[in-house]
Amino acid sequence: MTEYYTRMGDGKRVSMTKEQIMADLQAGTADAADMGEIPALSSAEMEQLFEIIADKNRIVGVEPGHEVVLTYDIGQLDFTGDNGNSGNGVDMGRLESALLHERALGADTFELAHADYSIKPVKPIIANEMQTMEEIQNEIVAPYFYGAMPNMGLYYAPDGPYGNPADLLREFKMEESMASSEAASEHLARDIEYVSTRIIQAGADGFNFDTTASAGDADFVGTLKGVEALRKACPDAYINVGMAGESVMGIHGGMEYDGKIVAGMYPHQQVKVAEKAGADVFGPVCNTNTSKSLAWNLARSVTFIKECVKVASIPCHVNMGMGVGGIPMCETAPIDAVTRCNKAMVEIAHVDGI
Amino acid sequence: MAVPHYMASGMGGIRTAGDLVARIEYDKNLKVDKAKEYVAKKLGLDSLEIADEYIMRELREELKIGTVTAVPGVPRGIAAKMNIEKLLDIKINSCEKFRGMLN
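Top line first, the protein sequences correspond to chains S and R.
Residue numbers for the first sequence follow my numbering, beginning at 91 and rising by one.
Residue numbers for the second sequence follow my numbering, beginning at 14 and rising by one.
Source of the hints: derived by calculation from the structure; they are not laboratory data.
Any given hint could turn out to be false.
Cross-link-like lysine-lysine pairs, in silico, DSSO-like; alpha carbons within 30 angstroms at most [claimed, not checked]:
(1) K366(S) / K47(R)
(2) K400(S) / K54(R)
(3) K99(R) / K110(R)
(4) K44(R) / K350(S)
(5) K41(R) / K366(S)
(6) K400(S) / K350(S)
(7) K362(S) / K41(R)
When you get a sec, could you build the whole thing from the sequences and use the hints?
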């Protein structure tokens, strides 16, 4: 029986028969459909996914005319950072990195980033970031954002002023835990407004909120309120809201935005509140399960993202880094897997960008 | 990750019209097909041609909207973006700030 080379969610190469791949595609889409209460992929779409996965070529791509826009997270840290950011450890200036992405790597957009890539540490050095933004805007042509993670975990002890909700929950201090989340959420919204409006004043095309809701529902609400404030202060700013996972964790459990509890929201629900807050582009996420195959992960991801794109009124740029969007969770994601996930997201989920 | 994604489905940024389509997605909240149509119409091309490096390399130099290779005297940065503003009928923040610095 013919076997096809494919990958596991951790990147390891395996070979599977068509029957095994189709069974994993079926199970992956069924899992997403069940969790998100959304339609599963059709038989024709799963056959299309199989053809992409089973392609004999090392890399695959979309048909000419089906190209999409690429946006980026982590900015220059993909060159300069350490392996914690999957960086190459190549020391260079932020101007050089931006222009290399624009003129050598085919980037449609790019962004400036702080070494810690979080909102909170940018606040005390905002003037430095504004100066660098002004300088790079003088040279670059492509849309150039400022990017940072809301990363609300930095607002909790021992790094921040508020009690850690997880610690408080372990002590059965439910009300204190919820109050701490609410206070941190408001603090985050204030910091987002401070940082984002100033960087737009320096000429940034927009702001990329990356890994939103990594600290759960209060992180999501704080970010949405920050986006609201930025949209009000800077009506023409390009705003990108990218997520941390397919489901918003309910660390608080009762946090609401626009009258809706955000805990447990899936991409097709997340995009509607992001639109309401004022986002121009939404970045849906589906995390990779390293114990499952590429087929299972990709079918699950495409199912979530396809529904998100379908209901969205704004463009969707799906997150396709290491460990998201069906791509294996490893530092050196194999290019056979990356290009297959890319093609599937464009041709089956119909994303507007990656 | 940037390279395989570009190879699989990326528009190519200023190698083609990727930066222009990106601006229209954000500026007008248009989905990719509509954003491409908008840009193609402004360039007098079709949606396939705006992602063609052969066509766009010459056209970008002619329109003075930034080229991927370094050509002395051809606008880049703010100057190229001011030309993009006129071409796409949009305002670009960095150009607005630049104009605000002039007497």
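We went through each hint and held it up to the structure:
no.	hint	in the structure
1	K366(S) / K47(R)	22 angstroms, holds
2	K400(S) / K54(R)	26 angstroms, holds
3	K99(R) / K110(R)	16 angstroms, holds
4	K44(R) / K350(S)	26 angstroms, holds
5	K41(R) / K366(S)	16 angstroms, holds
6	K400(S) / K350(S)	20 angstroms, holds
7	K362(S) / K41(R)	17 angstroms, holds
Hint violations for this structure: none, all hints satisfied.
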